[in-house]
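Listed below, chain by chain, are the residues.
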Amino acid sequence: MTEEAPDPELHFGNLIGAYTDAIRVSDFKANLTVLFVAIMMGPVVASRDKFPAFLSLPLILAPFIIVFICLLVCVYPRYPRRETRNFLVVPNPKKSDFVFSDKETDLDQLKLRCVILSGILFRKTLFLQISFLICLVSIAFTFVMLVYSLV
Amino acid sequence: MSKDVASYYRNQIAAYTDAIRISDFKANVAIIYGAFTIGPVMGFSNKFPPFLPLPAVLLPFVVVFFCLLICLYPRYPKEGRTTFIIKPNARPEEFHSPLNPEATIEQQQTLCVILCHILYWKTVCLRISFAIYILGTLLAAGMLIYFWA
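Protein chains in written order, with my numbering: chain A, 1 to 151; chain B, 1001 to 1149.
It should be emphasised that the hints constitute simulated quantities derived from the structure, not laboratory data.
We put the beta carbon where it would ideally sit given N, CA and C, even for glycine.
Keep in mind that a hint or two might mislead.
Covered stretches of chain A, as calculated for chain B (at least 3 residues, CB under 8 Å) [stated by the list, open to error]:
| id | segment |
| --- | --- |
| 1 | 29–40 |
| 2 | 110–118 |
| 3 | 127–134 |
Please construct the entire structure, taking both the sequences and the accompanying hints into account.
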């Protein structure tokens, strides 16, 4: 049984992989949720004459609009400036922009990438959770209304 | 021996992550399927038999959508946040590498517990949704046969 400490570069490499994976999954969920909400909007608007009087059309559309905004903010592409040295996103890159530099240790760069990805995942999760909560509350409200109309 | 233990947990984590990803994919496809089918169902609402009002037809869809959204709801439990930090303004000093192999194994065990719990709830919600879809489809098929015969 070895007593060596685990390789930090491997640990942070794995962590970056986990963050990237979680971000990708969040993006996929957001993309499909925006599609789901867009498809659902048609039948909901089409059956507006069957809604009770207190539910006006703008009131029905408000949750859709909020969810759309949150999901679009979630999928909005971001490349923070802190990482411009390692991952350039510029209109006219030059060969000289991509030069290997050993000034900073790899570990510092890996930690910086973890920080950036953590921030991105936090915002994506926040907006995705807001969207899902609005959808869940709207669905629960629809369920209550449907049961009420049946009894 | 330590490497064997580490690779065992790594494989377990990979298996859980894979199963969770597949569950998410199924839930995403199922929710889009439901959204596509609800339109034609509502379009034919005037052709339903009198004992089947529109709200009764829409109720299963609503339950399925609720279950699938619960299944897809993003979760990062607090127990796992010591290594997998999710903060808007995290600092590089907050990210530590494990000091010894025992700490790594403990982290991997914690991750297994978290992933197992997530997978359980995803599977429960997915099973409820699929059972409702299957029953609804069978009911629709039965009614179509009955009214055509």
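Structure-based check of each hint:
Figure legend: the segment 29–40 of chain A, annotated as covered by chain B; annotation consistent (7 residues with Cβ-Cβ distances under 8 Å, at least 3 required). Here the segment 110–118 of chain A counts 5 residues with a CB under 8 Å from a CB of chain B, which clears the bar of 3, and the coverage holds. Coverage of the segment 127–134 of chain A by chain B holds [criterion: at least 3 residues with CB-CB distance below 8 Å; count 3].
In the structure shown, no violation is registered for any of the earlier numbered hints.
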